[in-house]
Structures are given as structure tokens and as C-alpha cells.
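Colleague: What follows is the residue order along each chain.
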Amino acid sequence: MNSIIDTHAIIESVQIGDNVIIREYAIIRRGAIIGDNVIIHPFVIIEEGVSIGNDVEVFPSAYIGKPPRGVGAMTRPMNFTARIDIGNGCVIGPNAVIYYDVKIGSHTLISDGASIREQSKIGSRCIIGRYVTVNYATIIGNDVKVQDHTWLAGNMEIGDRVFISGGVTTANDNLMGAAGYTPENIVGPTIENGVRIGAGAIILPKVKVEENALIGAGAVVTKDVPAGQTVKGIPAKIKGDYETNGNKK
Amino acid sequence: MNSIIDTHAIIESVQIGDNVIIREYAIIRRGAIIGDNVIIHPFVIIEEGVSIGNDVEVFPSAYIGKPPRGVGAMTRPMNFTARIDIGNGCVIGPNAVIYYDVKIGSHTLISDGASIREQSKIGSRCIIGRYVTVNYATIIGNDVKVQDHTWLAGNMEIGDRVFISGGVTTANDNLMGAAGYTPENIVGPTIENGVRIGAGAIILPKVKVEENALIGAGAVVTKDVPAGQTVKGIPAKIKGDYETNGNKK
Amino acid sequence: MNSIIDTHAIIESVQIGDNVIIREYAIIRRGAIIGDNVIIHPFVIIEEGVSIGNDVEVFPSAYIGKPPRGVGAMTRPMNFTARIDIGNGCVIGPNAVIYYDVKIGSHTLISDGASIREQSKIGSRCIIGRYVTVNYATIIGNDVKVQDHTWLAGNMEIGDRVFISGGVTTANDNLMGAAGYTPENIVGPTIENGVRIGAGAIILPKVKVEENALIGAGAVVTKDVPAGQTVKGIPAKIKGDYETNGNKK
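Chains as they are written, first to last, in this note's numbering: chain A, 314 to 562; chain B, 314 to 562; chain C, 314 to 562.
Hint data in this document are derived by calculation from the structure and do not stem from the laboratory. Be a bit skeptical, because a hint or two may be false.
To give an idea of the chain A side of the interface with chain B (calculated C-beta under 7 Å), a few residues [unchecked claim]: (1) Glu337; (2) Pro355; (3) Asn408; (4) Gly479; (5) Arg509; (6) Ala512; (7) Gly531.
Per the computed footprint, the stretches of chain B lying under chain C, defined by three or more beta-carbons under 8 Å from a beta-carbon of chain C, are [what the hints assert, rightly or not]: (8) 361-375; (9) 392-404; (10) 416-422.
Note that beta-carbon positions come from the ideal geometry of N, C-alpha and C, so glycine has one too.
Put together the whole structure using the sequences plus the hints.
Modeller: Printed below as a string of C-alpha cells:
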């Protein structure tokens, strides 16, 4: 009812809510579900099996429903369910890519060009920054903020109320490809509730960063960080003198 | 006059110059202004209130005129004017995203996927590299080069003739989200005229890098850098032995 | 034969193989060559002079055939041949940008938003991660894996079986723009066969990393690394105690 659907859009789905706006050249595949008050900008693709909640805005050229697709060189098997759930009130930025088998809570922002791989889950009220890449099977809690360009490795867990600055790199393979893929060997860091990570920090595989710990800008974290502690440097060491962004000023 | 406008383009604007080429599926909204000798590639969107100078080329899927759009989780208020000015002779790369309330001088290159947020200004003869993200209210002078993947934080100032290598990270929030947004607390670094910044360097909030200073590759800059000095290391310290890219060879 | 070409696609080429699927709003220019069993998703552009092998899949909004395009501020001359060859079995991700004068072997994955500049060559069975940017005239061997966000500088050589983690930065200009472009002065690192490079490492211009060497996460490599050695730290030094990802645990 009262929806505005441009004649240049391609609408195969019959499950489109009320007060929806769909702009030119958007493509909504058969079986996709679109809630009420949704705005879909031009050149967006929403594939079959995708469910979009109410009050969601999807900016131009976002691609929701990418199948994982390997080549001969891939080592990890590609298992996925051809479903995506995006909760109420989310905003999906231009050029964002969301793979199949992803679940996103409500009121979360996926910024320009962010790419979220299969089997990942992102909670509610999160901000995933521009060009952040979330790798496969990574679980992110609620109220998490990840700034631009950060790379979240596969098989990684992030709690609630975590703040990750821009340009942060995580890793999940200590052997750097030398031993192929097994779920036991390829494990990213665990980031517990309330952790804050400074700009450009690097966190190595299997490291556990415990609750409310703080990682200084540019630190290389090679071993576990106890709850509430601040670490800095290369390799990162525990410091008691946190003042600014994890670095003494 | 003599313009070539593809029949698949959607042209709502009536202010289009001479000798313009607009390709398939480009969208030019009502009230947008397009100068002479402009080339617009397919899938480009130019929104209302955008003014494009003469001799500009806009590559495929660039999106010029994104409104800032928050979710419940955003802390900073979204104030902006729905205008963009792009000067003569600029080139806008594929997938670039330019938010409303941005002004770009003449003969500046915005490369593939660069994302420029609201209230930012970029001068003339600049090169903004691929996937560079410029955050809100950041002011960049003339003849500045920023290489690929660099992240320029919000509320940051950059002078003229600055060279910023690739993978550089800047920060503007010493408390990493712990205290919400105020314009006084959230302040990026100031980079003065002629500064050169090496690959992968990290520069912390409120730091002032004075004229012609040089920051070594990978340095973490936690305090002000005096004019003409070279700093390196973590945390960055003044060195007299600059030889190559800010690192002694 | 048996091809499925959507009526909304724009097909100027007459050299299209068998069992091809071309989706809505894809654009295939005159003179492009498309092999058998190729899938082209919506909003893809394939320009004149591009040759796509058999069994290739091209995801939405990929742009294959970008001409290099400078502005007044560019220092390097733009020489290129308006050709691209993509071998059999390759996968090109959404929003990937491939410039003219690029050759890609077979069964290579170019991931989401990767951008490959002119005069570069990428071998077979490689994985080029999301938002990796490959600069001009960079030569990459076979069986190379480059993870997300890594920046490969111009005029750089990479051997076979190299593993480069995410967030790695390379540089090719010791003077950071101070002396303009000459092919003798602007030279990236050389990475020999079997080298492994940890997350977030930085490698400076003209450095040679010899066969099977290992670079620790976050290292800043300022001088040559002998074959088989491990280096870590800032500046990187030779260590005999490699355990995990190049960092002692």
C-alpha cells in the first residue's frame, strides 16, 4: 500500500511491505522479503532468501545475497545456507556486500563497502565502518563499533560494547597458509565485552583479550591480555600508565 | 549542444552543458548541474544539489550526493547542507562515494572507492587514493597526495603539499567511544604544509605535525612533531638520521 | 548456444561463447570476447578489448576495462594497451576494478572490490583478497595468496607460492613524492618464492625478501631479508625463535 516502485526496477518478489520505496534499476529476486517503510536505492540487488525488516534503508549498489564462491586455490570448504536476515531499522551503505548465511540484528549500520562473509552474525545497534571486512563465521555482539578499514579474521568472536578503531588487523592462521584449513588450526582472536582496541593494532591468532582490556594504538598483541589491563608496543606488554588512546602522551 | 546522452540514462536535470557524454543507466537528478565536456559513465548517480564543473569524468557506479544517515547507535549529530561542488577537471573513480556538503577544488583525482564524508573540503590538484576514507569535517589543502587505504579521521586539518603514504591511520578519539561525541573532545591530528608521512604510520588524536616534518613508516606518533624534524618508532621519537622513507637503511 | 541473455543487458559484442548467462543491466562492449559457460551478473561492465576465458564468473558491479586516467597532479606517464586477458576458471568479485593492460592466469580469484592497475600481471591459482589494491606494473607469480586490505605498490615483483597476510603495506618511493616519478627511483620491494608475510607488516622500497623468508606481523622491513630467515620488529631484525606468525609467543 502506498509504495512507490520505479518502473525500471525489477521486482520478482511478491512479499513487499507497505510504504516501500524502490528506485530505478534495483533488483528484488523471487522469494526475497521486504518489510514496511523500506527504502531501496538504485542498483541494489536483493537475492532470493533474503529477509529485510521494517524501516531499513539500502543505499546504491549494495549487494545482499552473495554466494560464497571459491576457485581451485581455496582451502576452506564452502558450506552455507542461502538465507540472510536483516533486522528492523538497519542501514546498509553503498557498495556493501553481504554474503549468504549472515544474520544482522536491529538498528545496525553496515557502512559503505563493508563486506560481511558467510556464517557471520552481527548484533544490534552496531556500527560496522567503511570497507570493514568481516571474514567467515565471525560472531559480533551488540553495541559494537568497528571503524573504517578494519579486518576481522574468520572464526573470531567479539563480545558486547567493544570498540575497535580503524585500520586494525586480526589474523587467524599462525602458519600463514602452510598447513591448509582446519577449524581447529584457523582460529581468530577472542575479544570479550567492553574491550577497546586502538588504531592500527594487530592481534594474532587465538589470542584472548579479556573484558574491558585496552589495546594501545599500533600494538602487536601476541598473547592473552588479562581483564581490565592496558597493553602497548611490539610485542604488546602490560602497562599501568594508560593516558591517551592506550599510549602515554 | 553536441551532447551524447544514452537513451537508457535517466536525466531529470535540465542544467546540462555542451559536449557532454552520459552513458547507459546513469541517473542525473533534478536540480543537478553538469558542466561542459563532462563524461558520466554507466551506473553513476548524481543527486539533486550537486554541481559538477567542466571537463570532469565520473567513472562507473560513483555515487555523488549521499546523505549522511545514522542509526540509533550514532553519537554525532548529522548536520549537513544538501550541496556538493566539484571543480573543473576533476576525475571521480569507480565506486567513489561523495557525501553531501563536500567541496572539491579543480583537477583533483578521487580514486576508486574513495569515500568522502560530509562537511569535508578537498583542495585543488590533489590525489586521493583508492579506498581512502575521509571522515566528517576534515579539511585538506592543495597539492596533497594520499595513497591507497589511508584513513583520515574526522575533524582533522591537512595543509598544502602534504604527502601521506598508503595504509596510514589517524585517530580522533582518545577515549575510544567511552565518552560520546563532542566537537571539543573528538579532534583528529593537524598536519601542516609540506609534511610527509611514511607507509602505515599511525597518528593519534590532537597531535600537531608541524611544517615539513617527516614521519617514518610504521611510526606511532603520540605527541607533537616540531617543524622540519623526522620521527620514527613506537612511540615515535625524533631522529637525526633520516635516510630512506624515514627509516635508517 | 543455450545461452541466457537478459533483455535488459546491453550486448554490443558478437563474440560470446556457449552456455553463457548474462544478467540484467550488464554491459558487454563491442569487441569484448566472452568464453563458454561464463556467468555475468547485473551491473557488470566489460569494455572493448577484454577477453574472458571459459568458466569465469563475474559478480555484480565489477568493472573490467578501466582506462588509467590522470589529472594534472599525476607524475607518472600513462602508457597502456587497451587489452585485458582473464584466464579460464577465474572468479571476479563484486565491485572489483580491473584496469586495461592487465593479464590474469587461470583459476584465480579477484575478491570484492580488489583494484588491479595497468601493466600488472597475476598468475594462476592466486587469491587476491577483498579491497586489495595492486598498483601499476606489479608482477605476481602463481599460487600466491594476498589477504584483505593489503596494498601492493607499483613496480613490484612477487614470486610463486607467496602468502601475504591482511593489512600489509608496501612502498615504492623513498622520497615520498619529493622527486617526481622515474622508473629507476620508484621501485617496490621484491618478494621471492615461498615468502610468508605477517599481518600488518610494512615493507619499504627496493627491499629484497629472499626465498622462504618469513616476516613477522607488524614488522617494518627496512633492509633485505636473507633466504629462509625470520625477521620481526621495528626496524625488522633477524630472529631465530620463530614460533607463531613470526612473533614469539
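Colleague: Give a verdict on every hint.
Modeller: Structure-based check of all given hints:
Interface hint at glutamate 337 of chain A: satisfied, since its Cβ lies 6 Å from the closest Cβ of chain B, which is below the 7 Å cut-off. Interface restraint check: proline 355 of chain A against chain B, minimum CB-CB distance 6 Å, threshold 7 Å, status holds. Taking 7 Å as the C-beta cut-off, the interface hint given for asparagine 408 of chain A holds, the closest approach to chain B being about 5 Å. Of the supplied interface hints, the one on glycine 479 of chain A holds, with its beta-carbon coming within about 5 Å of a beta-carbon of chain B, less than 7 Å.
With a least beta-carbon distance of about 4 Å to chain B, the hint placing arginine 509 of chain A at the interface is held under the 7 Å criterion. Look at alanine 512 of chain A: its Cβ gets to within about 4 Å of chain B, closer than 7 Å, so that hint holds up. Nearest Cβ of chain B to the Cβ of glycine 531 of chain A: about 4 Å, under the 7 Å cut. The hint holds. Judged by the Cβ-Cβ criterion of 8 Å, the segment 361-375 of chain B is covered by chain C as claimed, because 4 of its residues qualify and three suffice.
For a cut-off of 8 Å, the count of residues in the segment 392-404 of chain B with a CB near a CB of chain C stands at 3, and the three-residue condition holds. Residue count for the segment 416-422 of chain B with a Cβ under 8 Å from a Cβ of chain C: 3. That meets the three needed, and the coverage hint holds.
The structure is consistent with each of the numbered hints, conforming to all of them.
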